[in-house]
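First to last, the sequence lines map onto chains R and Y.
Under the working numbering, the first residue of the first sequence carries the number 1, and numbering increases by one thereafter.
Under the working numbering, the first residue of the second sequence carries the number 421, and numbering increases by one thereafter.
Any given hint could turn out to be false.
No more than 30 Å apart at the CA atoms, straight line, and that leaves these computed lysine-lysine pairs for DSS-like [claimed, not checked]: (1) 746/Y x 228/R; (2) 278/R x 698/Y; (3) 330/R x 228/R; (4) 648/Y x 278/R; (5) 698/Y x 228/R; (6) 648/Y x 698/Y; (7) 545/Y x 278/R; (8) 228/R x 648/Y; (9) 330/R x 698/Y; (10) 698/Y x 326/R.
Hints in this document: simulated from the structure, not taken from any laboratory.
In case you want the letters, here they are:
There are 2 protein chains.
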Amino acid sequence: MTSTTDFANDIRLNGAVLLAQLQQLGNIGCDTDSGGRTRIALTDDEKAGRDQLVAWMRELDLDIGIDQIGNIFGTLLPATPEEKSLAPLMIGSHIDTVKNAGALDGCYGVLSGLAVVRAFREANKQPNRPITIAAFTNEEGVRYQPDMMGSLVCAGGLSIDTALQTIGTDGTRLGDELKRIGYAGDIAPTSVVPYEYLELHIEQGPILEAEAKQIGVVENLQGISWQKITIQGNANHAGTTPMRLRNDAGWAAASVMTFLRELAASSTNTLATVGSLKLAPDLINVIARSATFTVDLRDPDEQQLRSAERRLQAYLAVLEQQEGVKIVSKQLARFEPVIFNTRLVDEIETSAQRLGFSYRRMTSGAGHDAQMIARIAPAGMIFVPSRDGISHNPREHTDDEQLLNGAQVLLDVVLQRLEM
Amino acid sequence: MTSTTDFANDIRLNGAVLLAQLQQLGNIGCDTDSGGRTRIALTDDEKAGRDQLVAWMRELDLDIGIDQIGNIFGTLLPATPEEKSLAPLMIGSHIDTVKNAGALDGCYGVLSGLAVVRAFREANKQPNRPITIAAFTNEEGVRYQPDMMGSLVCAGGLSIDTALQTIGTDGTRLGDELKRIGYAGDIAPTSVVPYEYLELHIEQGPILEAEAKQIGVVENLQGISWQKITIQGNANHAGTTPMRLRNDAGWAAASVMTFLRELAASSTNTLATVGSLKLAPDLINVIARSATFTVDLRDPDEQQLRSAERRLQAYLAVLEQQEGVKIVSKQLARFEPVIFNTRLVDEIETSAQRLGFSYRRMTSGAGHDAQMIARIAPAGMIFVPSRDGISHNPREHTDDEQLLNGAQVLLDVVLQRLEM
Numbered sequence: 001m002t003s004t005t006d007f008a009n010d011i012r013l014n015g016a017v018l019l020a021q022l023q024q025l026g027n028i029g030c031d032t033d034s035g036g037r038t039r040i041a042l043t044d045d046e047k048a049g050r051d052q053l054v055a056w057m058r059e060l061d062l063d064i065g066i067d068q069i070g071n072i073f074g075t076l077l078p079a080t081p082e083e084k085s086l087a088p089l090m091i092g093s094h095i096d097t098v099k100n101a102g103a104l105d106g107c108y109g110v111l112s113g114l115a116v117v118r119a120f121r122e123a124n125k126q127p128n129r130p131i132t133i134a135a136f137t138n139e140e141g142v143r144y145q146p147d148m149m150g151s152l153v154c155a156g157g158l159s160i161d162t163a164l165q166t167i168g169t170d171g172t173r174l175g176d177e178l179k180r181i182g183y184a185g186d187i188a189p190t191s192v193v194p195y196e197y198l199e200l201h202i203e204q205g206p207i208l209e210a211e212a213k214q215i216g217v218v219e220n221l222q223g224i225s226w227q228k229i230t231i232q233g234n235a236n237h238a239g240t241t242p243m244r245l246r247n248d249a250g251w252a253a254a255s256v257m258t259f260l261r262e263l264a265a266s267s268t269n270t271l272a273t274v275g276s277l278k279l280a281p282d283l284i285n286v287i288a289r290s291a292t293f294t295v296d297l298r299d300p301d302e303q304q305l306r307s308a309e310r311r312l313q314a315y316l317a318v319l320e321q322q323e324g325v326k327i328v329s330k331q332l333a334r335f336e337p338v339i340f341n342t343r344l345v346d347e348i349e350t351s352a353q354r355l356g357f358s359y360r361r362m363t364s365g366a367g368h369d370a371q372m373i374a375r376i377a378p379a380g381m382i383f384v385p386s387r388d389g390i391s392h393n394p395r396e397h398t399d400d401e402q403l404l405n406g407a408q409v410l411l412d413v414v415l416q417r418l419e420m
Numbered sequence: 421m422t423s424t425t426d427f428a429n430d431i432r433l434n435g436a437v438l439l440a441q442l443q444q445l446g447n448i449g450c451d452t453d454s455g456g457r458t459r460i461a462l463t464d465d466e467k468a469g470r471d472q473l474v475a476w477m478r479e480l481d482l483d484i485g486i487d488q489i490g491n492i493f494g495t496l497l498p499a500t501p502e503e504k505s506l507a508p509l510m511i512g513s514h515i516d517t518v519k520n521a522g523a524l525d526g527c528y529g530v531l532s533g534l535a536v537v538r539a540f541r542e543a544n545k546q547p548n549r550p551i552t553i554a555a556f557t558n559e560e561g562v563r564y565q566p567d568m569m570g571s572l573v574c575a576g577g578l579s580i581d582t583a584l585q586t587i588g589t590d591g592t593r594l595g596d597e598l599k600r601i602g603y604a605g606d607i608a609p610t611s612v613v614p615y616e617y618l619e620l621h622i623e624q625g626p627i628l629e630a631e632a633k634q635i636g637v638v639e640n641l642q643g644i645s646w647q648k649i650t651i652q653g654n655a656n657h658a659g660t661t662p663m664r665l666r667n668d669a670g671w672a673a674a675s676v677m678t679f680l681r682e683l684a685a686s687s688t689n690t691l692a693t694v695g696s697l698k699l700a701p702d703l704i705n706v707i708a709r710s711a712t713f714t715v716d717l718r719d720p721d722e723q724q725l726r727s728a729e730r731r732l733q734a735y736l737a738v739l740e741q742q743e744g745v746k747i748v749s750k751q752l753a754r755f756e757p758v759i760f761n762t763r764l765v766d767e768i769e770t771s772a773q774r775l776g777f778s779y780r781r782m783t784s785g786a787g788h789d790a791q792m793i794a795r796i797a798p799a800g801m802i803f804v805p806s807r808d809g810i811s812h813n814p815r816e817h818t819d820d821e822q823l824l825n826g827a828q829v830l831l832d833v834v835l836q837r838l839e840m
């Protein structure tokens with residue numbers, strides 16, 4: 001421990017550079033009116049973000065590799081051939097965003113990884129095994145589904161061929177867009193197997209702020225079920241069709257939303273959200289012929305999540321009869337809850353204690369790349385507070401001091417794991 | 421009466437031409453896949469429909485005039501200067517359509533008007549006062565609101581200047597589009613005041629078919645209230661925001677739809693429809709920041725309609741508090757119920773009897789140009805059945821025989837009103 005501490009004293013976080021890079025990356029794809037940035041996976045703006053990240057990796061003289069799904073890896077190599085041959089300690093997250101997003105979601109984890117290797121560079125030290133900084137492709141899943149695709153492919157949960165064939169909401173093929181922006185690499189995604197994986201992220205929820213805790217020690221992550229539901233009714237004249245004779249797809253969709261709200265309210269941890277909804281023909285004086293909407297169900301308990309899915313399906317069956325509509329539901333994504341590696345969770349807690357930060361163990365409400373990598377390597381996550389719990393929004397904010405606290409814990413955990 | 425009948429015997433409806441023209445006009449803007457046609461007001465396709473109508477008016481050697489809002493008038497003139505100076509008996513409707521519409525809504529009334537004057541031409545007879553066939557601009561109100569705009573301007577309910585300044589859902593200015601398609605005329609809309617006004621239309625509802633009646637004698641028309649409601653909430657992460665801490669604009673919109681459904685179900689004649697709804701940012705894993713939707717309320721009783729509007733406003737006020745959202749509602753259109761001219765209603769009923777058709781007196785569920793012209797002249801409407809009550813849909817259908825029945829009644833009423 002003493003030597004470790006001595007050594008750790010030489011390897012220091014450069015907070016100024018980390019904060020500056022967060023701002024610079026946040027300016028790419030930024031809309032000056034809303035203050036939000038939009039770097040949806042494999043668009044021109046996201047390519048610009050990738051180019052900036054790669055440039056920063058070059059400045060740190062990292063070994064840069066791109067895999068076939070476009071995941072970017074920047075590796076700080078150790079000195080000896082034996083050490084070089086070891087599996088890397090990986091620090092990762094993503095730099096793609098939702099529409100009109102904040103600057104921290106994902107980017108904070110990737111750039112804090114760069115800050116860790118920068119600390120080694122500035123101390124002129126080398127680690128005793130490779131440290132790889134990873135930026136995974138399409139974590140948000142806005143344009144191409146499922147989300148967390150890059151890390152999912154790495155973990156072998158989705159074949160690279162299937163992933164490249166994915167058709168986006170805009171009709172584009174993922175493989176084509178990846179080539180177009182110049183990030184279709186050669187590395188086989190499944191060949192990248194880390195020794196251990198760490199991800200630092202903003203909470204994107206209100207819990208740490210509400211309890212005035214500086215660090216979230218993430219124990220587990222709730223399961224996610226995404227469905228797309230299409231309701232087919234009849235487009236009739238809004239003025240001449242008696243209510244009892246209607247097959248109103250819009251009304252049917254609204255009643256599903258009401259059902260989901262009550263389902264969530266009546267359960268302990270289940271969350272239910274309808275974030276996207278479209279009506280056709282979408283005219284003021286025509287009853288909706290069809291309604292297409294998404295359902296996002298989450299629960300840290302797999303049994304509870306399954307029960308929510310079952311209850312929804314049962315309700316849709318009743319609604320079909322009751323409203324004389326046809327309902328088709330399609331699973332877009334499904335991930336079971338994840339339990340993170342206890343050794344890493346304990347290590348993160350110990351670091352938070354050693355550095356004197358207030359902390360709490362907690363569940364991750366959002367999906368993260370860490371849940372995918374957890375399938376192939378020990379994984380752990382560190383959270384910092386989000387003001388008002390807001391994310392996926394220009395008002396997403398974490399104080400600089402809190403951002404640096406999280407990066408300090410990440411660096412400390414890395415040093416401990418490398419037993420340096 | 422005898423002379424009338426004798427005379428009427430010479431003036432006969434040419435059913436073949438009427439049915440052929442309905443089909444020809446229906447082919448303009450038609451989508452061969454869906455079988456529906458789209459001639460939204462002042463688009464290129466609607467201009468093509470206008471050009472065809474004007475060509476047919478020319479074939480009948482009618483006096484053609486276009487007013488400043490683009491209403492098309494084709495007049496069959498009487499013989500003497502005295503008769504020519506009389507106010508015209510007007511037969512009108514519209515030829516613009518909703519998206520993916522049927523071939524009869526509106527067009528049936530206009531082309532039946534042409535059939536009436538054709539009957540005079542083919543019998544080589546002249547009426548004792550002008551007969552004007554009118555096609556009113558933008559009855560559907562899909563692109564520019566309010567709907568029934570052309571007849572509303574004629575009736576002095578909307579100034580021509582305001583109407584021409586209307587900005588469409590696609591950002592275009594009505595006056596510019598009217599010029600672009602070449603239908604910005606010189607006639608002052610309010611200078612056109614009919615002696616009497618008749619409109620023949622498909623029911624667009626299921627009542628006549630359900631009761632196996634051939635003719636609908638329209639006594640009145642229900643009032644219409646159109647509103648656009650915008651709900652402002654907060655865009656938070658779908659996975660990390662506890663249900664109790666959400667300000668979900670999408671959920672709030674769904675609860676308004678539920679409220680309206682219950683309001684309509686609990687009243688005798690009120691109809692409530694939400695036909696258009698859009699969420700933002702409209703993403704699967706983001707709680708909706710805003711929801712913008714339309715409300716279409718109808719009732720034949722003005723007091724009932726007002727009460728529905730009041731109850732909706734009261735509910736929105738409660739919802740604002742309960743869900744922590746901001747709600748703004750804007751009146752897009754508001755028309756009181758209309759009572760049609762009793763003399764004309766009786767005349768239509770008498771004609772239906774004389775021609776041996778089964779009929780019923782009824783309320784019009786849809787809005788029609790007749791309700792606007794009723795403000796400045798005695799007006800009446802004739803309905804024919806709609807199969808399955810379907811309209812604003814490619815499956816809109818009325819049997820040829822039923823279409824000709826309606827035209828027969830129209831022609832007979834015209835001959836009676838002209839006391840020929």
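Pair hint residue 278/R and residue 698/Y, alpha-carbon separation not exceeding 30 Å: Between residue 278/R and residue 698/Y the Cα gap is close to 7 Å, so the pair holds against 30 Å.
query: Given the hinted pair residue 648/Y and residue 698/Y, is their alpha-carbon gap at most 30 Å?
result: 11 Å, holds
query: Holds or violated: are the alpha carbons of residue 330/R and residue 228/R at most 30 Å from each other?
result: 5 Å, holds
- request: For the pair we were handed, residue 698/Y and residue 228/R, check the Cα-Cα distance against 30 Å.
  value: Within the cut-off at roughly 17 Å; holds.
message: Tell me if the straight-line CA distance from residue 648/Y to residue 278/R falls inside 30 Å.
response: 17 Å, holds
query: Given the hinted pair residue 545/Y and residue 278/R, is their alpha-carbon gap at most 30 Å?
result: 55 Å, violated
- prompt: Is it true that the CA of residue 228/R sits at most 30 Å from the CA of residue 648/Y?
  reply: The given pair, whose Cα atoms are some 27 Å apart, holds under the 30 Å limit.
- prompt: Going straight from one Cα to the other, do residue 330/R and residue 698/Y come out at no more than 30 Å?
  reply: 22 Å, holds
message: Hinted pair, alpha-carbon criterion (30 Å max): residue 698/Y, residue 326/R. Please report holds or violated.
response: 22 Å, holds
query: Would the pair residue 746/Y and residue 228/R pass a check requiring their Cα atoms to be no farther apart than 30 Å?
result: 28 Å, holds
Hint compliance for this structure: hint 7 is the single one not met.
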